[in-house]
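Asks: Sequence:
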Amino acid sequence: MSAELETYRGQVSSIVEPEKLLRYAASFLRQSLACAVRRGRFDRATESCAPGGDPLRTEEIRAALERRSIPDRPECAALELGLEERHAELFVLERAIGNAFRAEEVSRARKLLEIAAVELRRRRADRDRRIVERTYDQLLRRLHGNDLHYRILHSLRDLAHYDHSAAIFVFSPGRAAFRIQAEQIAWAKAKSARIGALLPGESDHALFRDGANHPRLFRWRASEEAWQENGGEEALPVAPLWLPFLDHHAADARRPLARSAVLTPLVYESQTVGLLALFGLYPASLGRETATALQPLAPLAATAIHNQMVDQGVAAQVLAAGRKHAFADMARSVAHDVNNALGVLLPRTEMLREALEALPSASPRMRDDALEIERTARMCSRIFQGLLHFARRSAEPAGRVDLARVLHDVLRWYGPVLESSGVRWRLALEPRVPPVHASPEPLERVFHNLLENARQACRRGGRIRISLSAREGASRVAVADDGHGIGPEVLPRVFEPFYSTRPGGHGLGLAVSRSIVVDLGGTLRLSSRPGVGTLAVVRLPFAREQQTPENA
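Under this note's numbering, the first residue of the sequence shown is numbered 1, with each subsequent residue one higher.
Hints may be right or wrong, so weigh each one.
[To be verified] Between beta-carbon pairs, the in silico distance windows are:
{"hint": "1", "residue 1": "Ala100", "residue 2": "Tyr150", "range": "54 to 60 Å"}
{"hint": "2", "residue 1": "His87", "residue 2": "Gly196", "range": "34 to 40 Å"}
{"hint": "3", "residue 1": "Gly196", "residue 2": "Thr376", "range": "44 to 50 Å"}
{"hint": "4", "residue 1": "Glu269", "residue 2": "Ser469", "range": "33 to 39 Å"}
{"hint": "5", "residue 1": "Pro299", "residue 2": "Ile195", "range": "23 to 29 Å"}
{"hint": "6", "residue 1": "Tyr136", "residue 2": "Ser13", "range": "23 to 29 Å"}
{"hint": "7", "residue 1": "Phe542", "residue 2": "Ala358", "range": "43 to 49 Å"}
{"hint": "8", "residue 1": "Arg367", "residue 2": "Arg493", "range": "44 to 50 Å"}
{"hint": "9", "residue 1": "Lys20", "residue 2": "Arg110", "range": "18 to 24 Å"}
{"hint": "10", "residue 1": "Gly399", "residue 2": "Ser361", "range": "39 to 45 Å"}
{"hint": "11", "residue 1": "Arg493", "residue 2": "His154", "range": "32 to 38 Å"}
None of these hints come from the bench; they were simulated from the model.
Note that this is a predicted model, so its numbers are computed, not measured.
We put the beta carbon where it would ideally sit given N, CA and C, even for glycine.
The task is simple: from the sequences and hints, build the whole structure.
Replies: This is the structure we're talking about:
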């Protein structure tokens, strides 16, 4: 027996393909024990058995395999070869009536199948290692767009053989939500209709704190009608509250419900990147072996997705810098030409106003109109000076500026514009707000732009609230309106030059305003909700006592 066993062991170790190895094991059993050998592949998830290798000879044996019970007679023996957690290969040994199997023969058959099982598990481990290495090589190429995400999903399919679906969720910090970036459906040949959907979730959820890049197994417990985490021998009810939502939030009537799941948090250097989610049709579709197989892939996926997000951010910054550079070139040209024209217009409007003031027959209305023309021309001059400031970053003479006075000056002439548009406004000033170090004219342009945007967003009867307060070493000016608001897909772009949310808008106001505020060491931020309104907040540091126009 020892020589026979060594021959068998050597032959089994030399066979690469699993199916050929199983056929050889069945053939060796047939010759060694002088019996018929039938095989069946048992699926623990579906509790069904399909013929493998030679066909099952009788309906009795077929039915027995499907029930995982063999007829109770000494001429039959059933042996199980565990391939993996979900599948097993059943071997049925059968002899003629009266030719019973001895106990040592059954023991020898078990020994032969255990040798085959060890080799099959080694093949499985080698295959999984090759899949991870191949995936690593591919991810090093920094695939673009969804090529990266679907490459990861293909590797998951090779490793886990999931039978429901798999998805990659990428965390969006600005929205406190996870976006479905890619999904593959195993139960049907169909495209996912859920790509781009957002799932509310926090990056500091216990799933991410306690299990960075560590797969977690969950199963549906029909008795409790709830998802539970498989934590050792007992099922622990610690599944995330939003786990059922992951699979069912956009399900149609034809979509089968998942009954097992492996969730793998993707974390890169303590930063939540996203989530890998695998789903199975049955409670036993996914198990601990699945989670173990995914363990080496998770940190690779987290690193690759993080790198792609960084690359996309850099590309967006390069694109924004290019746009800003082009805008600066155009602004210099336009502002130069318009300022030349205003240089001719302003002296003549001053002469016209002075002539009307000296003319006894001129009516008060004519004098007021001439004064308004001059003021408007000067305002246009300041606007185009702002364009030049944006393009050249030229510093204007600065000093200690009282923001309350600046707001009063702006509203003195812009308040009537708001009222004529049917928009009510209110100014709330906190007393004794320290001054800021700036020049009044650029700040007037900033507040004028914010008020104009608010007016455009409001319907007749709308309201605008302007407030000034002191917060943590800085002055805070807030302009809030109850207009139509800005959608989350548009809000990140509102500071781009030439990008406007309204027809006919030139898209310059916010770009110029933020440029002015940033140059003063402050910030300009917008928050908005569609149908509710928009809040613009300008924060400027207080002027230091020693800060003067000469040494600033």
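Asks: Each hint should be assessed against the structure and marked as holding or not.
Replies: Evaluated hints:
1. Ala100 / Tyr150: 54 to 60 Å: 56 Å, holds
2. His87 / Gly196: 34 to 40 Å: Taking Cβ atoms as reference, His87 and Gly196 lie about 36 Å apart, which means the hint holds.
3. Gly196 / Thr376: 44 to 50 Å: 47 Å, holds
4. Glu269 / Ser469: 33 to 39 Å: 38 Å, holds
5. Pro299 / Ile195: 23 to 29 Å: Distance hint for Pro299, Ile195 holds at roughly 25 Å.
6. Tyr136 / Ser13: 23 to 29 Å: 27 Å, holds
7. Phe542 / Ala358: 43 to 49 Å: 46 Å, holds
8. Arg367 / Arg493: 44 to 50 Å: 45 Å, holds
9. Lys20 / Arg110: 18 to 24 Å: 21 Å, holds
10. Gly399 / Ser361: 39 to 45 Å: 43 Å, holds
11. Arg493 / His154: 32 to 38 Å: 34 Å, holds
Comparing the model with each earlier hint shows no violations; every hint is respected.
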